[in-house]
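S.K.: Here are the chains, one letter per residue:
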Amino acid sequence: MDLSKLSLIFKIVIIAIIYFIIFAALRIMYKDMKGGAKKSDRLKTFGLEILNPGNSGNLRKGAVIPVKNEVTIGRKTDNILVLNDPYASSYHAKVYIKNGECILEDLGSTNGTILNGEVVEHKEYLSSGDEISIGSISFKFI
Amino acid sequence: MLRTDRDEKKLMMYTYLLCIVCFLNLAILKQPFDKGALVMALVTCLLIGYSYFVIRKFFSDGDKFIFIFSSILSVIGIVMIYRLNMAASIKQVIWFAVSVTGFILTVVILPDIKRFSKYKYIFLAGTIIFMGMAMVIGTEINGSKNWVLIGGLSLQPSEFGKLFFVAYLATALKDFKNFKELIEPGIVVMVCLGFMVLQKDLGSALIFFGISITMLYIATSKLKYVVTCVGLFAAGAMISYQLFDHVRVRFMIWQNPWPYANNKGYQIVQSLFSVASGGLTGTGLGLGHPEYVPVNTSDFIFAAICEEMGILIGFAIIILYFLLFYRCMRAAFYEEDSFSRLLAVGFSAMIACQVLVIVGGVINMIPLTGITMPLVSYGGSSMLITFLALGIIQKISEEGR
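Residue numbers (this note's numbering), protein chains in the order written: chain A, 1 to 142; chain B, 1 to 401.
Chain B extracted, bound-state conformation (with noise of 0.2 Å):
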């Protein structure tokens, strides 16, 4: 015990380190010398230190590389966007403030995650709700129908509903016994499917895959179900891709962007210039030319990042991810209730797929979906949710060990 707390504190000594490094780096650049940036600095410091101190101090069980992993991946996002767009990235540690509070007040206050197993319609009504929130009061932004606007602020349910949609089915999946239980599991995701792709979310339907066939992997370890599941996905797919116009677009500008370099391939194919131009090594912050990237503070940060850090930096962050991932699944097998297990693996499913879906979509492996990179990326509902799953993670460590 007394020696991984020596690890810990080296680790969150690096963390530090990273984080007054860059922003010095940032505030050197500026030819009058940047105070802001040290500001940023000392704030984001004094925030993951307080949280780290709190969580070892009063909830010393669960597993703390969790926030460590996720408070260095936030410190690289908070750092980008300071570079591209200052008033985003003091939104943005003020989000990375709420999250975290969000963070630990889920470790504080929710009792006993098996308690929750019983509230499956709940959950339901909750996914339901949110995944259509969207089609009914949303507004169109970025070409996806996805984005509800609540006094000022604009906010993805989708996010939201991904958290309800992984609890719905952890106690639904939870005691499985017979295929006759699958349906109704299998209705719901089927719908909220639909509700993406009507709603020109295809990332987030990807997500929902690929969640769901984890989790269905996970409780019943059979692989004919897995199997129906991909088959039924190619399915709905074609289907898809026959009926709706912009599945089309993205697949053709997937096959070859380069045709469609001016106008509806112009975010993917500087995208690859942006990722090319950095090579190994990157061209050090703030020499670079990542303006010329659409929405490179959310979708397209990865391709920043990799422009202005280099592509080691962009390896780097993927290994920190499969940690992540990693603690994340660790925290499942140790525990023996199949609500919580399941939940867990969810949770840490959800993360994955996300950076899986977008970092291929920004190198062009896969067709590209906007979404946002979890912790990394701008957006205050991302990071608050991500922190919220994490700090349910957080608590399930806690009782497995």
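One chain only, chain A, in its complex shape (with noise of 0.2 Å):
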């Protein structure tokens, strides 16, 4: 009978498009797993630029930070970015990429970050050319 033959080429497409699914899907998990945590090619680069150093002797002026997943700004030495500077809290802020934007948070500082000349609140969404400024140290967003 026709309809038979029919069912049964559809029976075995079926199970074939499934199985495709599963060993395209177990590909992209090995490449996954063998690319470790490495996740380099994004498509936009952030980074902060640094336009005044202040008192800090590890920071020169028109070095550019790269920005990649988190950057942690404070005086502790066990962030990222270490900030020689008085006014600078323990950890101050942190710059991290979220959904392809870039975010400033200040992470309860003393005395504040400054965002284009306002105090940041909790969290603001950078976009290029913004000033950041932490004491008496200011970078500019790129």
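Treat each hint with caution, since some may be false.
Stated by the list, open to error - Here are the simulated DSS-like cross-link-like pairs (lysine-lysine), alpha carbons at most 27 Å apart as the crow flies:
| no. | chain 1 | residue 1 | chain 2 | residue 2 |
| --- | --- | --- | --- | --- |
| 1 | B | K114 | B | K57 |
| 2 | B | K57 | A | K98 |
| 3 | A | K94 | B | K91 |
If you're looking for bench data, these hints aren't it; they were derived computationally from the structure.
Relying on the hints, combine the two individually framed chains into one complex.
M.R.: Structure, rendered in structure tokens:
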């Protein structure tokens, strides 16, 4: 009968598609595992350019700090960006990327973080050209 | 990033293809060509495509595979339900739309998962209220007193209870230091299990146990607590076996269903026949007789799928669940905050336990307990809950990477 042949074809096609899906998925998982935590080629890259290094000897005017995943800023040495400034708190602020947008978050610092002349309350989205200042040190977001 | 994008698109193409081929099969089978099936295929594809688009566009950091795998499973479910019961499948598509909306809203609205770790007692209250709700205003359907009817909608409050339960355990176990901190969650777990046994909902009891033991192990990483819990559970199971008749009946059927084939063991015997008659590749959609299996759209959908699409698809479904579970656990691994991590572990354990319990039950490997197969089975509250849980995991995967 014609119908039963048709049904046989459909049956095999459906099974084939499902196993194709599983095969493709497994290959993606394999790539993912092999790649490890490496996630390099982002579409956009962000960075912080130092405008005014203040008293920090480790910073240089015009240097660019690349922002990948997360950059923590503060006076303690376990921050990624260490500031030698009396007005900076131990863990002052952090800049991180989420969904392709860069966010500046103040971590409850004593003297505040200033973005384009205004104090950051909690979190603020960053856009290119923004100026961030912490104590006497200032950055330009690029 | 670009490369995984292409892989995702390929998987999405396969998903659409699967959806269209399955419904085309169903459409051709009906003597006057069934246009309804094609409409269903189109609606489902559009729903999946649009949601995928939203997630990819605005939340590109999250794990998109969670959504892709869950939509493949939903597609299989919708196809099977359409073949079994057309009216139910239309409702299922509506529920699918609601759930996907819920999924996206969870991702959009929830601010920062970490902030929820403070509301321990709110979660505790939610758990107890939803667990106890069916005891007070519940009605009995299919032998379990765990349904609540609200204005024509019947739903299982224990499904919602599960979300609160996982959230509560995550808050309670997040900074584990010593044994004393385990007493309070221990009591809560026991109360919940007690409620479930009293409502004759043994499947949910098993799931709750599975969730709590997984989370306990992840939080404490001490084998002795797990062994103690298993011991306590065995003791509890023995006591409830002695006390309650329905537990004894289930156990008796599990040991040997054949003498009761026409009365108490009817469901499981029919389900075994159904799986066996399908064989490796199945009878083909619409050509088997899954209508002999009772409750074939929800609890026994796995049997119906195995009959008509073959055990190969049955295996494929289990593999897909495993992949989904892997993606969910991966989100947990990459997360640093212990509350979010426990939350992701709890939700993925919830889905995995549910699958194991129902698949094991349908093929009589463990005593049968009536629960739904997440995403595949017909059932609004179950689907909504699963998608909400996946939405939270999606949110967590955004932070972790």
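S.K.: None of the hints should be skipped; say for each whether it holds.
M.R.: Status of the hints after comparison with the structure:
1. B/K114 to B/K57: Distance ~24 Å between B/K114 and B/K57 Cα, so the pair holds.
2. B/K57 to A/K98: Roughly 13 Å between the alpha carbons, so the hint for B/K57 and A/K98 holds.
3. A/K94 to B/K91: The hint is violated at about 47 Å.
When the structure is compared with the earlier hints, a violation turns up for hint 3 alone.
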